[in-house]
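S.K.: Residues per chain, in single letters:
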Amino acid sequence: MAETDPQRWQRVKEIFEGALERHGAERETFLDRECDGQTDVRKEVESLLRSYEVAGSFMESPAVAHAADTFVDQKLAPGQRVKHYQIVNLIGEGGMGEVYLASDTILGRRVALKVLPAFVSKDPDRLRRFTQEARAASRLSHPNVCVVHEIGETDDGRPFIAMEYVEGVTLRQRMRNHSMKLGDVLDIAIQVADALTAAHDAGIVHRDIKPENIVIRPEGYVKILDFGLAKLTERHKGAIHATMSTLLFDSSPGTVIGTAAYMSPEQARGIPVDERTDIWGLGVVLYEMASGNPPFTGETATDVIVAIVERDQPPISRHVEDAPPELERIVKKALRKDRNERYQIVKEMAIDLRGLRRELEVNSLLDRSLAPGTTDGSEYAKASTGREKMVETNELKAALTTIHKPKGRSRIWIALAAVLLVTVVFGIYKLRPRTEPRTQFPFERIDVTKLTTNGNALLAAMSPDGKYVTYVTSEGGKESLWLRQVAIASNAQLVAPREGHYLGVAFSPDGNFIYFGYTESDRNDAWYIYRLPVLGIGATATRIDTPDGPTAMSHDKSRVAFIRYDRPNQTDYLVVANAGGGGEQIITSRKWPSRLSWDFMAQPEWTADDRSLLLPLVIAGPASSNDVAVNYTISIFEKDLDTGAERTIPLGDQTFDLVGHVALHPDGSGVIMPAKAFGASFIQIWQLFRDGSKRSITNDLSDYSYLSLQDDGSAFVTLQTQTVARIWTLGKGESKPKAITSGISRYFDLVVTPDDRIVYASDASGMADIFEIGLAGGDPRQLTAAGGRNYAPVVSPDNRYLFFHSNRGGVFQIWRTERDGSRPKQLTFGSVESTWPTVSPDSKWVVYQHPEEGQPYSLWRVSIDGGTPEKITEGVSIRPTFSPDGKLLAFWYNDQQQNSRWMLKVINVDGGATFNVFEVAPAVQVNWDTPLRWTPDGRYLTYVDHRGGIDNLWGQPIEGGAPKQLTNFEDSKIFAFAWMKDGGLVASRGVITSDVVLIKDAAR
Amino acid sequence: MTQGSQNITELLAGYGRGDKEALDQLMPIVYDELRRQAARYLRREQPGNTLQTTALIHEAYVRLVDQRNVQWQNRAHFFGIAAQLMRRILVDHARAKKRVKRGGSDVRVSLGDATVAVKGQDLDVVALDEALERLARIDEQQSRVVELRFFSGLTVEETAEVMGISKATVKRDWSMAKAWLHRELSTQ
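Going line by line, the protein sequences match chains G and U. Here the working numbering is used: position 336 in the first sequence is 336, and no number is missing along the way. Here the working numbering is used: position 129 in the second sequence is 129, and no number is missing along the way.
With the rest of the complex left out, here is chain G (with noise of 0.2 Å):
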């Protein structure tokens, strides 16, 4: 083209510049001189300059204004659908996309969806490291991390994530709108380094923790959002850029300093980061919420990042008056610029968060408020009353609706969308070497995967050949069985909701039955096992009239094996008989107390030759009785059917006091199963090994239940059940109950003392332990600390003595100390078990129970001095209580008799005469546990009856007639509870949830 001659294009250049500075006859003029007969040079500045007579605005404003639209994608609108996820309403916008309140059609449950913008999906390797991380971070099953459900791609193709919609406010806020209280401090420290934990055991790095990423529901419990940053600990280059584009593009100005304070060292750096920088990160967050100032600060990002690469922090002190030296050397152990001399593992943070806790529990400092301002005790009413949830609540809905309203948007929903949206990862990272080498376990490293959200799973089991999961659940005081299909997560209804319970679900060895128990009443022992096929839904379950468990087939198919349990003779069988029926053979027994297996979905399983049949065995410790607190270990038991040697091999030393369901390794190198180690808080998932090696799989605040086995030993399903309960008061006449205490944590059996303050047992923080409180919150002691686990405090009337019963000397036995914890004293003795004690009003006499070897439980007394005791009852007898006048003793009565019932059973203290006997509602869930208390007045017997799911307390008038409620609570479970003198009530109360989570060996 005749343009591109370069000499050419300088003189029309020249041309058009000359004649845009004339006009009329004058540029005519111009033209005629300069182009000198060149037509075509003159034809070219003739069309340009009528281009550019015309052109007008053209250009005129920038290029942005112009493509702005792709900049916005277009938002979803309400009731609009993504895939099975209908829009209830934007809740937050970042950077990279927006969050939207959703409500997942299928499960019926609440989602946040986060959907990116289009242009991400375009981008191959940013929509690897998205997906990457989202599901790293739905791996993590765990109560602090936020629950990631599905990852996906809208319709116009913008990836979308499904996670779980949290409620509360992000730590950012709660900082800037209550001063922190110290407990209030190590509780969130002590989650944040829980959760980070579960994370790092999964490998995977947080990297931005920090008070926005925090979210505090209102009921205490901390989530941490966004483990969008964390990735796989994989090989990448450019640490830097990771950091600075969080750094930089936070989205307003004020924030970008913030962001920048809570980089570690190494992040500043550009170096490759590992878990120690979540350790920093902690060690920053924790640093604020204590001092009310973040530890490096500056004016511009630049000078922050030089304070925390060079400078040293202030000491807390500098900021709040007697911050505790061991929070100062904590914060300063999580703050070393060389991280080779932080805490190396955030466990280590936890445990001395844990220490720190429960030292200022007995000092009773928690609920000093540390920043500066606010330290009248008014502002600690405020935090602890169910009001300040309200408050909270209604934070968030206005939030909520602040997208036509906009003045102050929700934090939350900023961070939530500008973090996990604006992750612009280029970073290094080493896949880091495992110091220890070792023999590798399975399930050495697990993918754990959340199947159900609603917390209200009672029971799984897993198909061996891990296709399906069975799963009971609860809604409204009704049990529905359901089917899923792990693959493509499809649930299915196999039994409608039913009043009844299910006892156990199992599948049978070829996978096409589901066995389960259950019971048409809450009656003990009138339950049966029932059978349906799998791909029959909609058939009707079969009743088997036996009482074998599930029976295990042998590899040639020829013979069967199974567990017979002989209720009558408190017997159970090891049965192997033909596959086709008959010829049957005992092969070995056991007699109450000793079992063949506690979990009656056991089975045996045969080994590879069918020579032999393998049995994991939970032997009873010395204390062998029921199941409260024994020392069970755990055993391999096999018979060489051949030649009918039998063997026992014990799999190390461990002693647990829970046990449930065992199974084998397929190898038959071990067994896992959910325990309880003794000593411990929480059921978790522990392996033993024929070489005497152990382990806990999990390692939470979560207890485990129901275990089984894939076939193959590559993966398991579980129940993850966590408990977060507050203790509550309820003046008389109140409708509103306050709670006295704050933040997660475990409560049980509380009483109210003679000087009107509680006394309860917790073991929150790892041990299980006495602690008082005053009535309205303040003034926390702790008054047990000698070791083992101690429960069931009692206070005598004349406020002179404490009881509870303690293992502290390996059995639980009754213990006696003075008020305040001091002098203990062991009133019970013996190889067997004695709980659950109760003061005559008279203060002379302690009432507990109490089984003789091989008998159920009855009541006993033994003067508060000791001495020997005496046996006050016959037939099943628990939880006595003595009437205010010190005349009558109620308990729990079970006499065995037909359906085992348990009654409500009152007799004279004086000659033990029957008083009365009172029936009570199914909806009574009568166990170990169950609280039974009278009123103050004497007039009612009261309890926790759980009729439509919710519990509340009901009393049946001492003289007769139908029980009463006396509670209108409409929400929450009742863990404990007591009467104050005046009538108003103390109660534990939280909820309990539980979900069914697969857990697979990442290494297969």
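Derived by calculation from the structure, the hints in this document are not laboratory data. All figures in this text were calculated on a predicted structure; none of them were measured in a lab. By construction, the Cβ of each residue, glycine as well, lies at the ideal position given by its N, Cα and C atoms. Check each hint, because a few of them may be wrong.
To be verified - Which chain U residues face chain G? A few, computed with CB under 10 Å, are given here:
| hint | residue |
| --- | --- |
| 1 | M86 |
| 2 | L90 |
| 3 | V91 |
| 4 | L123 |
| 5 | V125 |
| 6 | I138 |
| 7 | S152 |
| 8 | R172 |
| 9 | D173 |
| 10 | M176 |
| 11 | W180 |
| 12 | L181 |
| 13 | H182 |
| 14 | L185 |
Claimed, not checked - If you want the ones that stay clear, here's a sample from chain U, every Cβ over 12 Å from chain G, calculated:
| hint | residue |
| --- | --- |
| 15 | G80 |
| 16 | E157 |
| 17 | A160 |
| 18 | E161 |
| 19 | M163 |
| 20 | G164 |
| 21 | I165 |
| 22 | K167 |
Starting from the known structure of chain G, arrange chain U on it as the hints suggest.
M.R.: Chain U only, in chain G's frame:
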């Protein structure tokens, strides 16, 4: 000076020297910044207002670079890079949107309660970009001026500063490029 900022500055310098990897690393940073800022400005503006891209880039610059320690040369680099990157990004977006919008859906952006018509929809950014490519082959300097002024929204003075040429030259180049590009687009 911290290593963090230095790194960005080094990348800019590296890019100035034609280091391809530096560009790859800078790209997403500027990319996100542009996107974030654009969305923010769009949301902030009243109907009829023009986007202040200059302010946008200045802000990005302030955020990205430790100013006190940055040489003027790097500042020029920065604006140069920003202009190129923004052009690339804007065009990519426009191209992507064009594909999505084929079928003729309404080009309106819902901004909360208000629905704001996006300005200047008549301009085809993709076609302009293609024309600018052709212009660059004829007159590199003019295309750079357009890049800085149109894609980055710099003023004449800033463009002159960044390119190290006189204001008068910028003005002249701008006028001619505008005429040339307009004609290119009109005759397509």
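S.K.: Each hint should be assessed against the structure and marked as holding or not.
M.R.: For each hint, the structure was consulted:
A hinted interface residue such as M86/U counts as satisfied when its beta carbon comes closer than 10 Å to some beta carbon of chain G; here the least separation is about 7 Å, so the hint holds. With a least beta-carbon distance of about 4 Å to chain G, the hint placing L90/U at the interface is held under the 10 Å criterion. A hinted interface residue such as V91/U counts as satisfied when its beta carbon comes closer than 10 Å to some beta carbon of chain G; here the least separation is about 8 Å, so the hint holds. A cut of 10 Å between beta carbons decides the hint on L123/U: the least distance to chain G is about 5 Å, and the hint holds.
Contact between V125/U and chain G, as hinted, is supported at the beta carbon level, the nearest pair being about 5 Å apart and thus within 10 Å. A distance limit of 10 Å between C-beta atoms decides the matter here; for I138/U the minimum to chain G is near 6 Å, and the interface restraint holds. Contact between S152/U and chain G, as hinted, is supported at the beta carbon level, the nearest pair being about 7 Å apart and thus within 10 Å. At about 5 Å, the closest approach between the beta carbon of R172/U and any beta carbon in chain G falls short of 10 Å, and the interface hint on this residue holds.
A least Cβ separation of about 9 Å between D173/U and chain G falls short of the 10 Å threshold, and the interface hint therefore holds. Interface hint at M176/U: satisfied, since its Cβ lies 5 Å from the closest Cβ of chain G, which is below the 10 Å cut-off. Proximity of W180/U to chain G holds as hinted, the smallest CB-CB distance being about 6 Å (cut-off 10 Å). With a least beta-carbon distance of about 7 Å to chain G, the hint placing L181/U at the interface is held under the 10 Å criterion.
The interface hint given for H182/U is met, as the beta carbon of that residue sits about 4 Å from the closest beta carbon of chain G, less than 10 Å. The closest approach between the C-beta of L185/U and any C-beta of chain G is roughly 8 Å, which is under the 10 Å cut-off, so the hint is satisfied. With a minimum CB-CB distance of about 16 Å to chain G, G80/U clears the 12 Å threshold, and the non-interface call stands. Listed as outside the interface, E157/U is consistent with that label: its C-beta sits roughly 16 Å from the nearest C-beta of chain G, beyond the 12 Å cut-off.
The claim that A160/U lies off the interface holds: its Cβ sits roughly 16 Å from the closest Cβ of chain G, which is beyond the 12 Å cut-off. No beta-carbon of chain G comes within 12 Å of the beta-carbon of E161/U; the shortest separation is about 18 Å. Interface exclusion of M163/U from chain G stands, the closest Cβ pair being 17 Å apart, more than 12 Å. At the 12 Å boundary, the C-beta of G164/U stays outside the reach of chain G, the nearest C-beta of that chain being 19 Å off.
The claim that I165/U lies off the interface holds: its Cβ sits roughly 14 Å from the closest Cβ of chain G, which is beyond the 12 Å cut-off. For K167/U, the requirement that its beta carbon stay farther than 12 Å from each beta carbon of chain G is met, with the minimum near 14 Å.
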